[in-house]
Amino acid sequence: MAKGPINADPRVYGSASAAPSFSKEKHSRMYLIRRLWQYLGKNRLLLALALLLSVSSSLLSLYGPKLSGEAINAIDLGAGRVDFDTVFRCVALMAGCYVVSAVLGYLLSAVMIRLSKRVSRQMRRDIFESMTRLPVSFFDRFQTGNIISVVTYDVDTVNQSLSSDLLQILQSVITVVVSFAMMLSIAPKLLLVFVFTVPATMLFTRFLANRVRPMFRRRSAKLGELNGFVEEMLSGQKTIRAYAREDEVLSRFDGKNREAVDAYTEAEANGTITGPSVTFINNVSLTLVCVFGSLLFLGGDIMIGDLSSFVQYSRKFSGPINEVANIIAELQSAFAAAERVFSLIDAEPEQPDAADAVELTDTDGCVELRDVDFGYDAEKTILHDLSLRAEPGSLTAIVGPTGAGKTTVINLLMRFYDVTDGAVLVDGRDVRELTRASLRRAYTMVLQDTWLFHGTIYENIAYGKPGATMEEVVAAAKAARIHSYIMRLPDGYNTVLTDNGTSISKGQKQLLTIARAMLPEAQMLILDEATSNVDTETEEEIQAAMRELMRGKTCFVIAHRLSTIRSADHILVMDAGRVVEQGTHDELLRAGGFYASLYRSQFATE
Amino acid sequence: MKRIWRYIRPYTGFIVWTMIIKLMGAVLELLIPYFMEIILDDVVPRGETPLIFVFGGLMLLASGGCLACNVIANRMSAVSSGKITLAIRHDLFDRLQRLSARQMDTLTLPSAESRLTSDTYNVNQLLARMQRLGIRAPILLLGGIVMMLTMDVPLAMVLIAMLPLIALIVYIVTKKSVPLYKEEQTVLDRVVRVLQENITGIRVIKALSKTEHEKERFNEVNDELMEIDRRAGFITAATNPLSSLVLNLGLTVMVLIGAYRVNGGLTESGVIIAFLQYFVMILNAMLGVTRIFVMWSKGEASAVRVADVLEIGEDMTVVPVPDAPAGSVPHIEFRDVTFSYTGIGANIDHLSFKLERGESLGILGPTGCGKSTVLNLLMRLYDPDSGEILIDGKDVRGIDGRELRSRFGVVFQNDFVMEGTIRDNIRFFRDVPETAVLAAADDAQATEFIETRDGKMDYGVAVRGNNLSGGQKQRLLIARALAGDPEILLLDDASSALDYKTDAELRRALRQHHGGVTTVMIAQRISSVKNCDHILMLDDGVPVAYGTHDELMAASAAYRRIAASQMGDGEVGA
Chain A
1 MAKGPINADP RVYGSASAAP SFSKEKHSRM YLIRRLWQYL GKNRLLLALA LLLSVSSSLL
61 SLYGPKLSGE AINAIDLGAG RVDFDTVFRC VALMAGCYVV SAVLGYLLSA VMIRLSKRVS
121 RQMRRDIFES MTRLPVSFFD RFQTGNIISV VTYDVDTVNQ SLSSDLLQIL QSVITVVVSF
181 AMMLSIAPKL LLVFVFTVPA TMLFTRFLAN RVRPMFRRRS AKLGELNGFV EEMLSGQKTI
241 RAYAREDEVL SRFDGKNREA VDAYTEAEAN GTITGPSVTF INNVSLTLVC VFGSLLFLGG
301 DIMIGDLSSF VQYSRKFSGP INEVANIIAE LQSAFAAAER VFSLIDAEPE QPDAADAVEL
361 TDTDGCVELR DVDFGYDAEK TILHDLSLRA EPGSLTAIVG PTGAGKTTVI NLLMRFYDVT
421 DGAVLVDGRD VRELTRASLR RAYTMVLQDT WLFHGTIYEN IAYGKPGATM EEVVAAAKAA
481 RIHSYIMRLP DGYNTVLTDN GTSISKGQKQ LLTIARAMLP EAQMLILDEA TSNVDTETEE
541 EIQAAMRELM RGKTCFVIAH RLSTIRSADH ILVMDAGRVV EQGTHDELLR AGGFYASLYR
601 SQFATE
Chain B
607 MKRIWRYIRP YTGFIVWTMI IKLMGAVLEL LIPYFMEIIL DDVVPRGETP LIFVFGGLML
667 LASGGCLACN VIANRMSAVS SGKITLAIRH DLFDRLQRLS ARQMDTLTLP SAESRLTSDT
727 YNVNQLLARM QRLGIRAPIL LLGGIVMMLT MDVPLAMVLI AMLPLIALIV YIVTKKSVPL
787 YKEEQTVLDR VVRVLQENIT GIRVIKALSK TEHEKERFNE VNDELMEIDR RAGFITAATN
847 PLSSLVLNLG LTVMVLIGAY RVNGGLTESG VIIAFLQYFV MILNAMLGVT RIFVMWSKGE
907 ASAVRVADVL EIGEDMTVVP VPDAPAGSVP HIEFRDVTFS YTGIGANIDH LSFKLERGES
967 LGILGPTGCG KSTVLNLLMR LYDPDSGEIL IDGKDVRGID GRELRSRFGV VFQNDFVMEG
1027 TIRDNIRFFR DVPETAVLAA ADDAQATEFI ETRDGKMDYG VAVRGNNLSG GQKQRLLIAR
1087 ALAGDPEILL LDDASSALDY KTDAELRRAL RQHHGGVTTV MIAQRISSVK NCDHILMLDD
1147 GVPVAYGTHD ELMAASAAYR RIAASQMGDG EVGA
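The listed protein sequences derive, respectively, from chains A and B. My numbering applies: residue 1 is where the first sequence begins, and numbers increase by one. My numbering applies: residue 607 is where the second sequence begins, and numbers increase by one.
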């Protein structure tokens, strides 16, 4: 009940919509309830069990007072005449009753805990699933901390209220129904009072719920923003310290912190109005019942005993209504959190593979870009009319000033993004006709931004080839000239890499990622500034291994050190998203154009 | 909670007022049934109609007062708990920011983050709820007991005898659940870590088709979180049924004893009936109190984690050092410096060098030889194990960290680019005038690409600089380092992603406009450092060669080898 008329359009909360959301849609309460129900529905058995337990423990708790009443009747016979047989029987039954009710009560909690934790897990799982399907661009747009906030805080908020409130509502509804029936049988006239107060409660609750929901929405959003800020700034902690900007960042943090706390306080202060307000309405109704009841009694319409029972029941009746009203306020925070959870789960995934997409198997590694236009924003084209053909086993080098669009070409090859116009082809087939997973499997990639995870060095190297033996890993590490460094670490290959990895340099990290790339068998290889932080001598040392790695593969290399790409079969010179020159090293030098000047500047004496 | 008490203390007065108002609300709430009893028991039987309205009015008044008290007190509780949280978070963030690299490594980043957000949030909730619920239940509990004692002491004692038992239950449950909640937060740290890694490594994961593997990895920690969550829940869930069982059994015993006492004429059955009424009240109050303890367990676990960070000591304090000697001293001096990150094997081995003001030092050497470590030591991100590092003749350990670092402009390898405008990234929280920003961008050769972006300086840089190329990021970072007009410029492989032409122009601009700046530059290319006043070659932490380009070309075989490999055939030494 009183989940209220659901037609309220949440879009009216214009103020709250300023908060960033992971997907565009906003949802009606009904929709959210339906979605939440899907999660609960998966555990129907537990839910049924909870219902059964809650009904039986309620019944038992009603039975207890009845027994004590009986015992008192037996005692009431007066001094020396107490009916001890009855007292003993009742006391024994009471004890048994209480034990059973305690056991049932505990079981009920256990079932609800099991249920709600399962739902939490499922939600976190779904969010993660959704994350794995999201396009790379999504993560370029949203702050890590904000996404994490959904998984930690919002999921928790949803389930806290789901586990406790749901049960409470159920029990309350039972009590309300029973009390209402009793009152109806005693004095229908007095019920007129409730004709007034119950709708008042419902209207008020609804009014308040509508009022606080945007506040709770803001609370979730602001906390997410705070998380995003914290995550970003802590990741730049070293730089901030180096620039001695701690105080300035702190004052920036204070602003975000204040916003989050204010949003919390506002939601909390307004959300907690519901309880006392509904109590107030109930007290007013109690007063009305009392006053009018008394007048009715004086008018001879009802008996004093009836009045007293009616008052008792009306108190029983209002208790749960009060409870439900409180819960509805609490549910607003759950709804606001659920909205964020679902908006992340529903965030538009990478365009799914075409229905008739085929697996790319046994590619011979012929890659072609045909008249490709592309821009990250629809309005702004970065690549113009780009064409390129890489024969199987060839080495294509892409050179050009920074920002020329080299990495963008890689993004297109890997299908992290799709072309705006034109096509990328592998083995003469448009990559959009292939499954992404199989296309990406056909590539090995070493990027400039090294990515290592919290795990052992062994795990990090073996990452691309599940089940790689220690021998293979060691061989790869040796080829990448990182083996001797690893052996000097206290735990060797079992050393766990930490976040800052203070004792491991960026260059060493690059060597580790190169070692990682040596393991998987792929027909195509992408090296995007793979050795930019490695000194030239080490780079030269790993050249042999790199050549080995590249042998027979179609390779794409981005590098600034022109010496490393001199041997390329084909050099693509890019500038401002266009290919300005292409050919072999010698051809391009002879042409005396852009490439030649780039190359000469490398050795310029200035 | 004890350990964060100092944050609560300034608000104790305010909180006491909240409690008093809450108490008034509770009293008013109890007055309502009291007035009602008067109407039903006294007024109605006597048929005094006007008095019905009088007491009815009083009931309404009490209701209104109760509403006002509770709304006000709830708002006050939200405000004070919010303010306390604000202060805790402020200090926590401050402390986290100033952790040394070593301390941060121990704490780990995800853990730092979740302490700052989820743990402080738990504390906030606890503080607010404690104030809202913490007064009524104990008052009702106490009131009920007092009422019982006034009626029949022996019977009341039965109930009072149950209280220590309940206290014991609460104690045991709390003691068991606090560590579990603490562990839960630790597991949450791990969940955060996996999420973080998946977001930053999204390209690699997709490229290697490791999505399924990552899902499994996430499921693992996710399951673990559910498991620990559940265990903690199962333990705390025992509080309610157990304590009501104890109280109810007490009630049963009381009925039995009451039966004997009534039989012996020591008490009346009416007393037992009244006791039963109070019992319900006490039971509810009791459940309220235990609920507070359950909340407390979770809040306490978080408070401990917060306090753990707040209490981490400064590990690199300013120590007294001798003043700089009079006369002319080198600007930067390393005096026989040895350092190791792990304590096993030296990362810097007996390094000495001197730089005069305005001189430049280029550092070359194989990957992992300790080049970046030199900068870390110079900026005092770490302290050397032995030897001294002097700036203007003064040991850096004796210079206030902020003052020390304000002299530097630095670009680390793959440095931090944040979400915000290009201007924000160059200014980097400093009060840099626009002209300096533009000049720095010019010198860093960044103007050219900035001009092509919409909004130029106001162009929005995406999270982690994802919409900039590697070379653009580096130029932005160099502009940042130059914008502060530093005394000392540290560049750690800061131009590795720049093409040679841009790199050369950058060096020219540095010479022309920042000639007086003492520069330490780590590079892979000889062309980047060949014009430096000094060149240091490191190998495995050991300085193997030191001198100018020409000196090294003459004296160092290793240097010649690198030069040969980089300069291409026959073009060496041009």
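No lab work stands behind these hints: they were computed from the structure. You may find that some hints are simply not true.
Using C-beta positions, here's what the derived DEER-type ranges look like [to be verified]: (1) B:I766 with A:F196: 27 to 33 angstroms; (2) B:E1009 with A:E379: 36 to 42 angstroms; (3) B:E1009 with A:R551: 51 to 57 angstroms.
No more than 27 angstroms apart at the CA atoms, straight line, and that leaves these computed lysine-lysine pairs for DSSO-like [unchecked claim]: (4) B:K816 with B:K788; (5) A:K42 with A:K66; (6) B:K1062 with A:K380; (7) B:K816 with A:K465; (8) B:K608 with B:K816; (9) B:K689 with B:K821; (10) B:K821 with B:K608; (11) A:K238 with B:K1000; (12) A:K465 with A:K478; (13) B:K1107 with A:K478; (14) A:K256 with B:K781; (15) B:K821 with B:K788; (16) B:K821 with B:K1062; (17) B:K689 with B:K782; (18) B:K1062 with B:K1000; (19) B:K960 with A:K238; (20) B:K1062 with A:K465; (21) A:K42 with B:K782.
Glycine included, C-beta positions come from ideal geometry on N, C-alpha and C.
Consistency of the hints with the structure:
no. : hint                                    : result
1   : B:I766 with A:F196: 27 to 33 angstroms  : violated (44 angstroms)
2   : B:E1009 with A:E379: 36 to 42 angstroms : violated (47 angstroms)
3   : B:E1009 with A:R551: 51 to 57 angstroms : holds (56 angstroms)
4   : B:K816 with B:K788                      : violated (32 angstroms)
5   : A:K42 with A:K66                        : violated (38 angstroms)
6   : B:K1062 with A:K380                     : holds (15 angstroms)
7   : B:K816 with A:K465                      : holds (10 angstroms)
8   : B:K608 with B:K816                      : violated (46 angstroms)
9   : B:K689 with B:K821                      : violated (40 angstroms)
10  : B:K821 with B:K608                      : violated (40 angstroms)
11  : A:K238 with B:K1000                     : holds (23 angstroms)
12  : A:K465 with A:K478                      : holds (17 angstroms)
13  : B:K1107 with A:K478                     : violated (34 angstroms)
14  : A:K256 with B:K781                      : violated (35 angstroms)
15  : B:K821 with B:K788                      : holds (25 angstroms)
16  : B:K821 with B:K1062                     : violated (40 angstroms)
17  : B:K689 with B:K782                      : violated (30 angstroms)
18  : B:K1062 with B:K1000                    : violated (42 angstroms)
19  : B:K960 with A:K238                      : holds (26 angstroms)
20  : B:K1062 with A:K465                     : violated (44 angstroms)
21  : A:K42 with B:K782                       : violated (32 angstroms)
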